[in-house]
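There are 2 protein chains.
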Amino acid sequence: MQVEFTLDYTDATGARAGEIVTANARLETPYFQPVATAGAIKGLSWRTMKAIGYPHVLMNTYHLALRPGVERIEAAGGMRGFSGWDGGILTDSGGYQVFSLAKMRKIEPGGVTFMSHIDGSTHIFTPESVVEAQRVFGSDVMMPIDICSPADSERDKAAADLELTHKWLKRAAKSWEKTASDKSALFGIVQGAMHKNLRAKSAKFAAKLDLPGYAVGGLSVGEADDVFADIAEFSAELLPENKPRYLMGVGTPADLVRAICWGYDMFDCVLPTRMARHHVAYTRTGRLDLRRAVYSGDERPLDEKCGCPVCKDHTRAYLWHLAKLNEINAPVLLTLHNLYYYRDLMRKARAAILKGKYAGFAASALKEMGEWREEPDASKFGGR
Amino acid sequence: MQVEFTLDYTDATGARAGEIVTANARLETPYFQPVATAGAIKGLSWRTMKAIGYPHVLMNTYHLALRPGVERIEAAGGMRGFSGWDGGILTDSGGYQVFSLAKMRKIEPGGVTFMSHIDGSTHIFTPESVVEAQRVFGSDVMMPIDICSPADSERDKAAADLELTHKWLKRAAKSWEKTASDKSALFGIVQGAMHKNLRAKSAKFAAKLDLPGYAVGGLSVGEADDVFADIAEFSAELLPENKPRYLMGVGTPADLVRAICWGYDMFDCVLPTRMARHHVAYTRTGRLDLRRAVYSGDERPLDEKCGCPVCKDHTRAYLWHLAKLNEINAPVLLTLHNLYYYRDLMRKARAAILKGKYAGFAASALKEMGEWREEPDASKFGGR
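Residue numbers (the numbering used here), protein chains in the order written: chain A, 1 to 384; chain B, 1 to 384.
The set of hints was computed from the structure by calculation and includes no laboratory data. Keep in mind that the hints are not guaranteed to be accurate.
Stated by the list, open to error - Under the rule of at most 35 Å between Cα atoms (straight-line distance), these lysine-lysine pairs were calculated in the DSBU-like manner: (1) B/K204 / B/K348; (2) B/K324 / A/K106; (3) B/K367 / B/K196; (4) A/K50 / B/K204; (5) A/K357 / A/K324; (6) B/K305 / A/K324; (7) A/K324 / A/K243; (8) A/K103 / B/K324; (9) A/K183 / A/K312; (10) A/K183 / A/K106; (11) A/K324 / B/K196; (12) B/K106 / B/K196; (13) B/K106 / A/K50; (14) A/K324 / B/K367; (15) A/K50 / B/K50; (16) B/K167 / A/K312; (17) B/K50 / A/K305; (18) B/K50 / A/K312; (19) A/K183 / B/K312; (20) A/K196 / A/K324; (21) B/K367 / B/K355; (22) B/K183 / A/K348; (23) A/K312 / A/K196; (24) B/K305 / A/K183; (25) B/K50 / A/K348; (26) B/K348 / A/K50.
Stated by the list, open to error - Now the stretches of chain A that chain B is said to cover, found in silico as 3 or more residues with beta-carbon under 8 Å: (27) 32–42; (28) 82–88; (29) 130–140; (30) 290–302; (31) 305–316; (32) 341–351.
Where a beta carbon is used, it is the ideal one built from N, C-alpha and C, also for glycine.
Here chain A stands alone, though its shape is the one from the complex (with noise of 0.2 Å):
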C-alpha cells in the first residue's frame, strides 16, 4: 500500500471529504499538515500532536539534508527513528527552499547545484537524489523537485522553466517505481506560474503519469489574492478526481476554507505554527496579537468556543503577560491553540460537506473571521 485515497462526498460547491490511508497514518480530508521543518513541531511534542488529531505532518527535505544530514537519519533508521516521531510523513522536495533560502543557486539539466543558506557548502539535488533521500526519511508522501517559478514570471521563463519541472518529474518517477517500495507515494506536482494554458499544459502532463496523488506549487508566493483564488481553482479543477489534491504552503485559515470548496483536499503552512511565535492566535473570530495591551486585562480566553487545553486554561490576559516577557510558554501555547483550531477548522469543514452544507458553513465561518469578500466568495462557493 502507497496511498489509499476514497472519495467519501463532494458538495455541490466541489468541496471534498475523503480519507487517504498511508503507510503510516489515516488521514481524514480536508487535512491540514503542520509544518516540521527540521523533525519537530516548533514548541509541540509529537505526543501532543496526535493528542490534538495530528496523525501525519510535513517535514522540510532542504532543511533535514542539510542537517543532520541524510547519512545520519539513514543511521537511524529514517525520520521516525531518528525524531520519534511514529505518524504519517508528507516530505517536500526541497525546492522550494533551493529557490528561496539557498545563497547561490545554478540550474542545469541534470539538477540544482546551491550553497546550503546555513554553512555556504555545496550541494546538488537531482530529481533522482531527492526521491532517494525521501526514501532514506521513510516519508509516506514524497515529492518531486521542481522549479518554482516566481509569481511574475512572464510566459516563456515560466514555460522554460516547466519543461525543465516536467522533464524532473519524468526521472523522479522513474527512479521512484524503481525504489519505491509500497510504503511510499510519489505525487506529481503542477508548476506554470500563473498563466492558465501553462497551467493546463501540466496538469495534463502529470496526469498522464498517473502517480498516487497531485499538488499545485508555485502559489502563495507573491502573487495578488485574486490571482491565487484564480489559479489555484483553475488548477484543482485540471486535476483526476479519484487522487488526492494538495494545495502547496497555503495558507490562512480563510484561504483553507476557500481552497476546500475549490476541491483540494490537503494543505500545509508554516502560518499558524510561525504566527504563535510571533505571539499570534488564530480564532473563530480572526486574528489576535496577543502584545497588543489591549489584552492586557483581558480575562477571556482566546476564544470562548474553542476545546483546546489553552482556552480552557488560560485568559488572554495570561497569554499577554508571557508574550510581553517573552517567556516561551507564550509559543509554545500560542502553537497548541493554533494547530487545534486549524484541525478544529477542518474537522467542521469535513462534517458539513458530509452534510452538503459546505456553502453555508464556509460563508458563516468567513464571515465569522471577517474575511468574506461578496463578488468572489460567492462565485467560489455555489456558482461554478
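Please arrange chain B on chain A, whose structure you already have, making use of the hints.
Just chain B now, with coordinates in the frame of chain A:
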C-alpha cells in the same frame, strides 16, 4: 488549614519522609519545588506539571510584583485565576531578587526601596507590603522579606543584617496574623551568612515565633562547597523537628541527595529548568551537555532507566540535532526530562527513607552521578 505537616519517618541518617498538606496541594516530602518565576514553568504547561507529579510550584514575588503587577493579579483573583494553575504555590518574598537583580537599593528600617531591573521604576518592599502582595497572589506559603547577606559578609555586617531581618520577620508575622486567611502560611527564614553563632541566634529567634514552617536562606550564594554543606547541615539541626524545613535555592541533584540527610524537607532551584534552556540534561549518571558533538550519533535515550516521555520517545542524537539548530523543542523536551528526573529522585529518596535505607541510597545515587566524595559524604550519611 494553613500547612499540615506529618513526619512519617526519620531515617538513621537524619533524612525525613513526610507529608505537607496546604489548601491547594498535598506534597510528599522530600519535595522539590520547580520555579515558575513569572507565573509559568518555562517550556511546560501546568497540565504537564501535574502529569509528572508536581502539585505545587514556587513563584517569585519580585518578578510578579513588577510584571504584571499586584493590581492586575488581584483583578484576576490571584495567581491561580491569573495563570490557570490550580495547584499549590509558595512565593518567595523577593528579598533575594531585590539584592541580586534590582539596579539600586536602599535599605532602611522601614523596608527596602529599589529600582526595577526592567524599566528603572522605583518600588518599595516593606515586611507588610510583601505579605499583602502574597496574600493577593493566593500563596499557600508566604515568605517574609529578609536580607540575604553576601557569602563573604564579616560577622559585624552579617549581625547587623540579621538584626534587621529579625525585626522584619516579626513585622511580617504580625501582618500575616492579622490578614492571613486560614489558607496562607508564613514560613520563617534563618539567615546569618556563614557565621554559625548568627545562624543559631537566627534559628532561635524564628522558632520562638512558632510559625508553620522554617526555611534556611542565604546559602548557595557563592560560598565554597564545604562551607555550604557545613552551614546547611548546622542550620537544619537548629530548626523545630515538627515543622517543614525548607532549604532555599538548592540545588543540583547531588545537593538534594545530601541535604535530605541533613533533615530538609523542601527545596527549590532554577537549575533543572534553566540548565535545560542551556541544553543540559540531568540524569542518573550525571549531566549531559547536548551541544557536544559526541552525542550527534548517539542513539540512546538521555537515560535508559528514565521513564519520562522524552526518554521513551527520543534519542540523544535527536536532542543534539534540536540543540544544534536552537529549536525551541530542545529546551522544551529537556525541561520535561529534567523536572521528571528531579521528581523521580525525590520519590526514590522518600521510598528509601521509609525503608530506613537512605544512607545506602544516597551513597549509590551519588556514586552513579559521579558526585561521591568519600570523607564528607560518609560523615553526613552515618556519623551524626
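Each hint tested on the structure:
1. Distance hint between B/K204 and B/K348 is fulfilled; the C-alpha atoms sit about 33 Å from each other, no more than 35 Å.
2. Annotation: proposed proximity of B/K324 to A/K106 holds, straight-line Cα distance about 28 Å (limit 35 Å).
3. For the proposed pair B/K367 and B/K196, the alpha carbon gap of about 30 Å is at most 35 Å, so the pair holds.
4. Restraint check: the Cα-Cα separation between A/K50 and B/K204 comes to about 56 Å, which exceeds 35 Å; the hinted pair is violated.
5. Of the supplied pair hints, the one linking A/K357 and A/K324 is violated, its CA atoms being roughly 42 Å apart against a limit of 35 Å.
6. For the suggested pair B/K305 and A/K324, the alpha carbons sit about 39 Å apart, so the restraint of at most 35 Å is broken.
7. Proximity of A/K324 to A/K243 is assessed by CA-CA distance (about 46 Å); at most 35 Å being required, the pair is judged violated.
8. Restraint check for A/K103 and B/K324: satisfied, since their Cα atoms lie roughly 21 Å apart, inside the 35 Å limit.
9. Distance hint between A/K183 and A/K312 is unfulfilled; the C-alpha atoms sit about 39 Å from each other, more than 35 Å.
10. Note on A/K183 and A/K106: the hinted pairing holds, with a Cα-Cα distance of about 33 Å set against a maximum of 35 Å.
11. At most 35 Å may separate the alpha-carbon atoms for a hinted pair to count; A/K324 and B/K196 exceed this at roughly 44 Å.
12. Pair hint B/K106 plus B/K196 holds up; C-alpha atoms about 27 Å apart against a cutoff of 35 Å.
13. Between B/K106 and A/K50, the direct Cα distance comes to roughly 53 Å. Violation of the 35 Å bound is thereby established for this hinted pair.
14. Distance check on the hinted pair: A/K324 and B/K367 sit about 44 Å apart at the alpha-carbon level, beyond 35 Å; violated.
15. Note on A/K50 and B/K50: the hinted pairing holds, with a Cα-Cα distance of about 20 Å set against a maximum of 35 Å.
16. Distance hint between B/K167 and A/K312 is unfulfilled; the C-alpha atoms sit about 44 Å from each other, more than 35 Å.
17. Only pairs whose Cα atoms come within 35 Å are accepted, and B/K50 paired with A/K305 is accepted, the gap being roughly 25 Å.
18. Note on B/K50 and A/K312: the hinted pairing holds, with a Cα-Cα distance of about 16 Å set against a maximum of 35 Å.
19. Simply put, A/K183 and B/K312 have alpha-carbon atoms about 25 Å apart, close enough for the 35 Å limit, and the pair holds.
20. A distance of roughly 46 Å separates the Cα atoms of A/K196 and A/K324; the hinted pair therefore is violated under the 35 Å criterion.
21. A distance of roughly 20 Å separates the Cα atoms of B/K367 and B/K355; the hinted pair therefore holds under the 35 Å criterion.
22. Restraint check for B/K183 and A/K348: not satisfied, since their Cα atoms lie roughly 45 Å apart, outside the 35 Å limit.
23. Proximity of A/K312 to A/K196 is assessed by CA-CA distance (about 47 Å); at most 35 Å being required, the pair is judged violated.
24. A distance of roughly 33 Å separates the Cα atoms of B/K305 and A/K183; the hinted pair therefore holds under the 35 Å criterion.
25. Proposed proximity of B/K50 and A/K348 is supported: the alpha carbons are some 31 Å apart, at most 35 Å.
26. Restraint check: the Cα-Cα separation between B/K348 and A/K50 comes to about 31 Å, which is no more than 35 Å; the hinted pair holds.
27. Given as covered by chain B, the stretch 32–42 of chain A passes the check, having 5 residues with a CB less than 8 Å from a CB of that chain where 3 are the minimum.
28. Remark: the stretch 82–88 of chain A is confirmed as covered by chain B, as 3 of its residues place a Cβ nearer than 8 Å to a Cβ of that chain, reaching the required three.
29. Requiring three or more residues with a Cβ within less than 8 Å of a Cβ of chain B, the coverage given for the stretch 130–140 of chain A is violated, as only 0 such residues are present.
30. Look at the stretch 290–302 of chain A against chain B: 3 of its residues bring a Cβ nearer than 8 Å to a Cβ of that chain, three or more, so the hint holds.
31. Residues of the stretch 305–316 of chain A lying with their CB closer than 8 Å to a CB of chain B number 4, which satisfies the three-residue condition for coverage.
32. Check result for the stretch 341–351 of chain A against chain B: violated, 0 residues qualifying (beta carbon to beta carbon below 8 Å, three or more required).
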